[in-house]
Amino acid sequence: METTELTVNGKRHELEADSRVTLLDALRNHLGLTGTKKGCDHGQCGACTVIVEGRRINSCLTLACMHDGDEITTIEGLGEPGNLSDLQAAFVAHDGFQCGYCTPGQICSATAMIEEAKAGWPSFVSDDLAGPDALSDEEISERMSGNLCRCAAYPNIVNAIRQVAGGKS
Amino acid sequence: MKPFTYAKANDRADATSQAADDATFIAGGTNLLDLTKLEVMAPDRLVDINRLDLAEISETDEGGLRIGALVSNSDCAAHVRVRQVYPVLSRAILAGASGQLRNKATTGGNLCQRTRCYYFYDTAMPCNKREPGSGCQALQGFNRIHAILGASEACIATYPGDMAVAMTALDAAVEIESAAGEVRLIPVRDFHRLPGDHPEKDNILEAGDLITAVILPPPVTGRQIYRKVRDRASYAFALCSMAAVVEMDGDRIASAALAFGGLAHKPWRDEAVEALLVGEKPSAALFGRAADQLLAEARGYGSNDFKIALTRRVLIAVLTEATQEGAAA
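Going down the list, the protein sequences come from chains A and B.
Each number in the working numbering comes from the position in the first sequence (counting from 1) with 4 added on.
Each number in the working numbering comes from the position in the second sequence (counting from 1) with 84 added on.
What the hints contain is simulated information worked out from the structure, not anything from laboratory work.
Hints may be right or wrong, so weigh each one.
Stated by the list, open to error - Selected chain B positions facing chain A (Cβ under 10 Å, derived; list incomplete): (1) Leu117; (2) Val164; (3) Val166; (4) Arg167; (5) Arg175; (6) Gly180; (7) Leu185; (8) Arg198; (9) Val313; (10) Arg316; (11) Tyr319.
Said to hold, decoys possible - A few chain A residues that don't get close to chain B, going by computed Cβ distances all over 12 Å: (12) Asn13; (13) Arg32; (14) Cys44; (15) Gly50; (16) Glu80; (17) Pro85; (18) Asn87; (19) Val96; (20) Cys103; (21) Gly171.
Note that the structure is a prediction, hence the values are computed from the model and not measured.
Ideal placement from N, C-alpha and C gives every residue a C-beta, glycine not left out.
Work out the full structure: start from the sequences and follow the hints.
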């Protein structure tokens, strides 16, 4: 058993868990934060995306015990009914989902992705490695390629993200 | 997942001594945990090296860059000097994986990532890499993603990464510290092995070895290009990729460093191809001869036969782009 201190959405938790417990399973099964979803459990679908120390990662591909002392933000920490984050509201306004299972991962991923773009990070589709001025639809799609949507709500997901990121279609 | 013990390494000596005693390093963990869940890998002991002081990018005395082994792929690709003078490296890293994975994956770990051969991943199947001596199912099986160069009867798996392909073209070196505290530099092009009779060994690391950095030599002038061909537009491994650093002298090719991914058990570099280009005027005929040279020993295994023609086209397209008049550096 490993003892790990995690700060999740501003609240400190002391976790006692087997070393094999992933951050995803710690959040869902030990801390009761079931907003983060388990899809493939192998880093291929992005449903488990959370923000750790400001960076989006796949919580299924990291052990909870590797995050002693880390600050973690999950979908529950971004907003709540009546007090939605800009991206959460935009996903509602643009119907950026159908079944909704991938949505928490999409929104956590997009939240951090917009910060990456603001920091000037280029992407595979950026013509100039200095980074894009605004997020085009092509840029949004490439930067969000780690989040799959089996309902294929992609056009509306891109619309929602573009509204918040202030890009051009 | 099979049970394992977990310990955090306090310093490099602690890390290497534990590894010499059969422990497995974990850094980003994105590949290791994927494989551990499937029990393709089953380490008894994990040593977490994330707290070691290896996450810096710094300039070397020679004017190159030292990329610490724990620098994330995201940070390396976004580093201003990497973007400015080693654009082929930024492009290659950005061509791989997803934003989430690049945030977690490290420079050292990326070098050590393992093949995506379907049979390596399927523990119900024989695989000489996973279980030496059990056989290779890919030879007669589904082998669309497999090697056309440098393979053996024991293994036709490929090294799947992009980053190391660019580093191979840039003549980068891997800095390795042994359990005895000795530091050695191995060119990236010599870091990965060909499978031969021992496909279970991906690279030249010995028990206790810790990758501490990748050293990039001073930047070279010329055009840098990374081209990747894959089965979908993003977030897929290369069927064929090519990193090129090409310098022109007037209307002739002054130098060419070319490395290929997705074709072999290691990033593939063929000096005979480069020698054939140097001093010549670019032409379709010249590039055709370069492709002939590169692919002289190429062999398909059925489903991957197309890679031979694909690689020829990628080589010609990239060289054409790299040698165009007025091509920006």
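Against the structure, the hints come out as follows:
Hint status for Leu117(B): holds, given a least beta-carbon distance of 5 Å to chain A, under 10 Å. The beta carbon of Val164(B) comes within 9 Å of a beta carbon in chain A, closer than 10 Å, and the hint placing it at the interface holds. A least Cβ separation of about 9 Å between Val166(B) and chain A falls short of the 10 Å threshold, and the interface hint therefore holds. Evaluation of the Arg167(B) hint against chain A yields a held restraint, the C-beta minimum of about 4 Å falling below 10 Å.
Annotation: interface hint on Arg175(B) holds; nearest CB of chain A at approximately 7 Å, less than 10 Å. The closest approach between the C-beta of Gly180(B) and any C-beta of chain A is roughly 9 Å, which is under the 10 Å cut-off, so the hint is satisfied. Interface restraint check for Leu185(B): the shortest CB-CB distance to chain A comes to about 6 Å, inside 10 Å, so the restraint holds. Taking 10 Å as the C-beta cut-off, the interface hint given for Arg198(B) is violated, the closest approach to chain A being about 14 Å.
A cut of 10 Å between beta carbons decides the hint on Val313(B): the least distance to chain A is about 13 Å, and the hint is violated. Below 10 Å, beta-carbon pairs count as interface contacts, and Arg316(B) has one with chain A at about 9 Å; its hint therefore holds. Look at Tyr319(B): its Cβ gets to within about 4 Å of chain A, closer than 10 Å, so that hint holds up. The beta carbon of Asn13(A) is kept farther than 12 Å from every beta carbon of chain B, the shortest such distance being approximately 19 Å.
At the 12 Å boundary, the C-beta of Arg32(A) stays outside the reach of chain B, the nearest C-beta of that chain being 16 Å off. With a closest Cβ-Cβ approach of about 10 Å to chain B, Cys44(A) is found to fall inside the 12 Å limit, against its non-interface label. At the 12 Å boundary, the C-beta of Gly50(A) falls inside the reach of chain B, the nearest C-beta of that chain being 6 Å off. Remark: the non-interface label on Glu80(A) is consistent with the geometry, its nearest Cβ contact in chain B lying 19 Å away (cut-off 12 Å).
At roughly 26 Å from the closest C-beta of chain B, the C-beta of Pro85(A) stays outside 12 Å, upholding its exclusion from the interface. The Cβ of Asn87(A) sits about 26 Å from the closest Cβ of chain B, beyond the 12 Å cut-off, so the non-interface label holds. For Val96(A), the condition that its CB be more than 12 Å from all CB atoms of chain B holds, with the nearest at approximately 24 Å. Every CB of chain B is more than 12 Å from the CB of Cys103(A) (nearest about 21 Å), matching its label as outside the interface.
With a least CB separation of 16 Å from chain B, Gly171(A) remains clear of the 12 Å interface cut-off, as annotated.
Checked against the numbered hints listed earlier, the structure breaks hints 8, 9, 14, 15; every other hint is satisfied.
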